[in-house]
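Asks: Here is how the chains run, residue by residue.
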Amino acid sequence: MALTGIQIYKLLPQTNCKECGFPTCLAFAMKLGAKQVELSDCPYVTEEATAQLAESAAPPIRLIELVGEGHQIRVGNETVLFRHEKTFYNRPGLLISIQDTLDETAIEQLAKTVDAYGVDYVGVDLRIDGLAIEATSGDAARFAEAVRAVRRVSDLPLVLVGEDPAVLGAGVELLEGEKPLLIGANARNWDSMAELALQNGAALGATAASLEELAELTEQLRSKGVEDIVLHPGAARMGPTLAMQTQIRRLALKNFRPLGYPTIEFVGGSDDGRQQAVLATQAISKYAGLVVLDAFSPELLYPLLVLRENIYTDPQKPIQVQPALYEINNPTPQDPVLVTTNFSITYFSVANEVEGSGIPAWLLVTDAEGMSVLTAWAAGKFDAESIAKAVKQFDVAARVERHDIVLPGHVAVLSGELEEELPDWNVLVGPREAVDLPAFMKTVLSEGSTVH
Amino acid sequence: MAQHSVLFEDHAEPVTVRAGTLLVEAARRAGIEIRQPCGGQGRCGRCAVRVVGGRVRRRSILRLSEEDVAAGYALACQAVVEEDVSVVVPPADQIERRLSTDHVAPEVTVPRGYAREQSQTVERALLRLAPPSMDDQTDDWARLRTALRIQNGIDHLRASLEQIRALGGILRASEWQVGLTYDTAGEPTGSARLIAIGPGAAIAADPLVGLAIDIGTTTVTVLLADLDSGEVLSRAATYNEQITRGEDVISRIIYASSGDGSDELKGLVLETINRLIATVCSKAGIGPGAVVKATVGGNSTMMHLLMGIAAESIRLEPFITSINAPPLLTAREIGFTMCPDGTVDLLPGVASYMGADITAGVLASGLRSSEETTLFIDIGTNGEMVLGSSQWLVSCACSAGPAFEGSGVVHGMRADRGAIEEVWIDGRSFEPTLRVIGEGRPRGICGSGLISLVAEMFITGILDKGGHIDETLDTPRIRRGSHGVEYVVARRDEAADGKDVSITAVDIDNLLRAKAAVYAGFNVLADRVGVDLASVDRVLIGGAFGKYINVEKAVDIGLLPDLAWDRFDFLGNTSVKGAYLSLLDRAAREEVADIASSMTYIELSADNSFYEAFTSAMFLPHTDLSRFPSVEASVT
Amino acid sequence: MQIEIPKDNWQGSVNTVTLGATPEEGGTRTRTVTIGGQQTLPFLHFEQTPPNRPVIALEITAARPGDWSPVLLDAWGDAIDDPGNWAGACESAGADLIVLSLGLTEADGRSADPESAVRATKSTLGGTGLPLIVLGPGQAELDNDFVIAVADATKGERLVLGLCEDSNYRTIVAAAMANDHLVVGRTPMDVNLAKQLNILITDMGLPLDRIVMDPTTGALGYGIEYGYSVMERLRIAALQGDAMTQLPLLVNPGAEAWKTKEAKVGEGVPDSWGKWEERASNWETVTAVALIEAGADIVVLRHPDSVTRVRNALDELMAVG
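In order, the protein sequence lines correspond to chains A, B and C. Numbering-wise (this note's numbering), the first sequence opens with residue 1 and increments by one. Numbering-wise (this note's numbering), the second sequence opens with residue 1 and increments by one. Numbering-wise (this note's numbering), the third sequence opens with residue 1 and increments by one.
Same shape as in the complex, but just chain A:
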């Protein structure tokens, strides 16, 4: 049970000494309650208080790092069931699997393609995180060749998939200085897999069909000294997978250590390749730490990478778009200027509606520090002054001849001030909701322009 600010405050010295960097002990207590500072930042905290406050110091889900030749994947360390409770921290790794039964050229080609793949999403370069090499051949030499072929063209982190320790061993030996993941240990081979993982500094996957078996297996691995474990729940279909993933996450958050590890899901293998889309969507949304697809297809990877970006966005932190004068539907200097803030969702909803209307317009996005129109207004970040500033900053008057500027209806109150700030402009108040914009633009804005 998390303590409230006041409860924590009562355990602190209450001297307001300011040495922790906060003006009062209560301010520090509230930060501590929000897990934004460390208790040790207080120089005068008593041992008794430390004992009472040292609740759940260890993360409930172990952080696992997979390291390739330079690149790495970090998964785990999650603390909530739902992203709105706080945030999801470490984006699940998206990997593409490669069968060692392919010929070397094909393997190289595929690995190279995966390695090179990158797609730009609102200024972020989204990439695939790693490759899973599957020992389908069952042949150690062949598997080693596949690993070599991959390493010739890619330095992404690797997952080596197979049940035979001898075969996986032939591959993992080649990856000195890296930290691959071996998938992995099961009820039959766990002992030798554990040894292999320990010898080679690899993380180890634990595969089992039920939670009980999984937990037993991780306990056995831990008894051998393996710490870096990834769970591979064996459910085949979406419903049971969702149940297992949910149960694992719930148990882990209740500090049930045997399941306090990230998970891996293989979403390929179905007859209909397109079904990967739905399996991967669930895996990304619901708790998978690593997601392995069995084919490289940019038309699927792009949406999945975007989904991962979206789901793992910190809900506390609004995403911002770049303040600028945006063009929608190829506006001419005779088209109106609409104003909104740089909160991404506000921007997207306005831009989408205007775009959908087919009517050309300029969209002036002001720097409201990523707040929506209402919040920014309440916090004083979206006012006549900041709008006028944006008009100047982006040289709007030079690009647009028609001086009609449309305020969001929610801030109709600003119209007077804006007229004062922008004497050469005709200030109009638009609808409150973006969805009403097309109608507004059709009726109000199409009624001739007011060129100054």
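Because the hints were derived from the structure by calculation, they are not lab data. Please note: incorrect hints may appear among the correct ones.
Taking beta-carbon pairs under 8 Å as the criterion, some of the chain C residues facing chain B (in silico) [said to hold, decoys possible]: (1) 166; (2) 170; (3) 190; (4) 193; (5) 195; (6) 199; (7) 200; (8) 202; (9) 203; (10) 272.
Where is the CB? At the ideal position from N, CA and C, for every residue including glycine.
Guided by the hints, dock chains B and C onto chain A, whose structure is given.
Replies: Chains B and C in isolation, oriented as in the chain A frame:
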């Protein structure tokens, strides 16, 4: 069915009515029309009558205090005749007066047990010095200090060069019998700072007086207090002259940051204060030179502008002041027209938007003297709120917008003559009854009038919970105007300027935003410390806002939390009260310092939960109706 | 090792809502659709077997849409020119119900009016036996005029009428109440706003089992995470017992996804976006499945292939072993 007689005094004949008849109905039968502005719903209190013989059953005692009930008052629309009674119908203006004085703030009173010797830092000494001689070659200054040490135990006395320059002349002219006024505030034990020195007789005759000043963004208030007795000798208030350069702190800061703006604003506020000082002194028949100390409350912007310190950083992120706790200054340094070396004590604030007006207010409110969880609020364009007890204090400020001050709405105005300050609406006809400041015809609506109006519109169903006017209602007062849908509060034939006074959808929206911001502030404060808002023991309302507001209506719209009425208290201008207490009493002054340093300020613009709380409060009274059980009962 | 599975024991449940009415029930539909009733978060069979599965709606428009992607136009072919034919094609494609969007103009370019709205609705009802959702063109006054006419002309069908919004809900709710229909309310991605509209609608006297809510979601890449979390929060509040959040959730991954550049545009985009049609279809499917995971009860789609894929996903999610 039993019959009873009801006698209305001043009417010869009693009327006979059936048991269960309401007093209004009985009155009508007697030919007396009792006004029922709320349409007989027991909400407005305007139909109060006094039962002087027999008893009635009061279905509701809303708007009546315990004393009222004890004195026989009953709401005629809610009083059921069950036996023979006699009733006095008070003249309408009597009811008006009783209602309008409902919440008048108590006057500033001398703190109990005030004794200058224990409490006051300013002291006075009458010294008889041995004149120098060829044998006694001690210099004037040392002579004075030695006498002061022997007589008053002051080892170290600080003085300004001006005072030293004048010293020799004064000593000789007064034939070595002098009076000193000095201040021990801020000095080590046994030390003091010289305020004034003069001929003994003259000083002894002068009363020892000081000023408590509140520099509000809109209004400046000055109290002249006798430091001996603690009594307030006179008071005066006027608009802050800076108002001509911008109505709110933000526009003042902007004004100050360009050209000579800073000097100009400093000059304007000094002009205002000095004029008020002259007024209070002349009222009390005292020369301004006799004023030896001034203690000042005010928000951080006002303090910065008074000191001539650049205030720009207050406005800009991360909202940092130059100084929260200014050092002790002199009247000469600051520019007050009083004793030039008199002490000027600017009280300490906490943050850019949590100033000395609030720390002084918290002191005056007595919040810290109780372990009860108390909410202290001061609402104007900015809403400042403090939650705490003797153990802890948290505070935040939110921008409420100008709606509560009567601007930012189409027919808004300040609480001045002609402003509608309270409204009742008949739930059947949707016709309003207005109370207008100055009792003439209405010109506009002030902040409290807006709260009252919106509450009535909501309770009578003109507004839905989303704050939208129901256009389907059958009344000519609801119509489409140039600002969208509106409700006409006063038709042109009812209004002062021959122009309709109405409230528009946009006005209502602005008011909703304002109240939502304030309530969201409460919410965030309470959440951050883990206190349930419903468990708040007391709500203390300071500032000008509190003087006029009607709690019931403020709760109806979800501006104030839904707590029992007896938990609310109106304190009036707590900033000047806090300054007054700090002027008199060093312990009170130390407490203000302690309040300022222990108060935890939450910057809402950095708080994610604020938006959530805000949208949740953008509803009448609130999205979570269970937070407002009393309103729930009246609308469902 | 024995493990005690942590189960939530929720107090509340989602309202059970039935769309459409058969002739015995006073309508003309060959089948009805029932949604809601969950007492758990989506598909957690170990807590409760979902009493009803989420359903798939396909959206059609009264007149050939002017702004739809060519990918969609190709997929539906000529059926698109007649709402009745189109609705029939949707039924064949596997839809559980139909959403008819009334537009501002008719096929011949004339302004649509209440009569044409009624014609389109009747034609749709004639072309399919599935339950129907009818949405106005999105302008308050026209919405009201069209929806009143449709509601009157289809009394007893238990259509879902929309869109109710916080500034315009009275007329539509009144029309639904008078003619035994249901309504859908839409709010812009905010838990409080969703709840507020539900309060306003129920304050008019419409029973809760005749309202569904559309919290607005945003497409993948365009704010889906907000919609996703709003839905999760609404559903958790519903299960916690907050009556004003216990309405089934209707979402529009089809309309949202097909508005995006990623779905709409085939040329002049980066190669890394992959093949157009497949990408567009993935965009719609991924959006829809993510929203189903968050608690959607009705997903409104546009492409027939997406119906197949989402239906597969639902089959998988309903599977126990």
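Asks: All the hints need checking, so say for each whether the structure fits it.
Replies: Against the structure, the hints:
| no. | hint | in the structure |
| --- | --- | --- |
| 1 | 166 | holds, 5 Å |
| 2 | 170 | holds, 7 Å |
| 3 | 190 | holds, 6 Å |
| 4 | 193 | holds, 6 Å |
| 5 | 195 | holds, 5 Å |
| 6 | 199 | holds, 6 Å |
| 7 | 200 | holds, 5 Å |
| 8 | 202 | violated, 11 Å |
| 9 | 203 | holds, 7 Å |
| 10 | 272 | violated, 34 Å |
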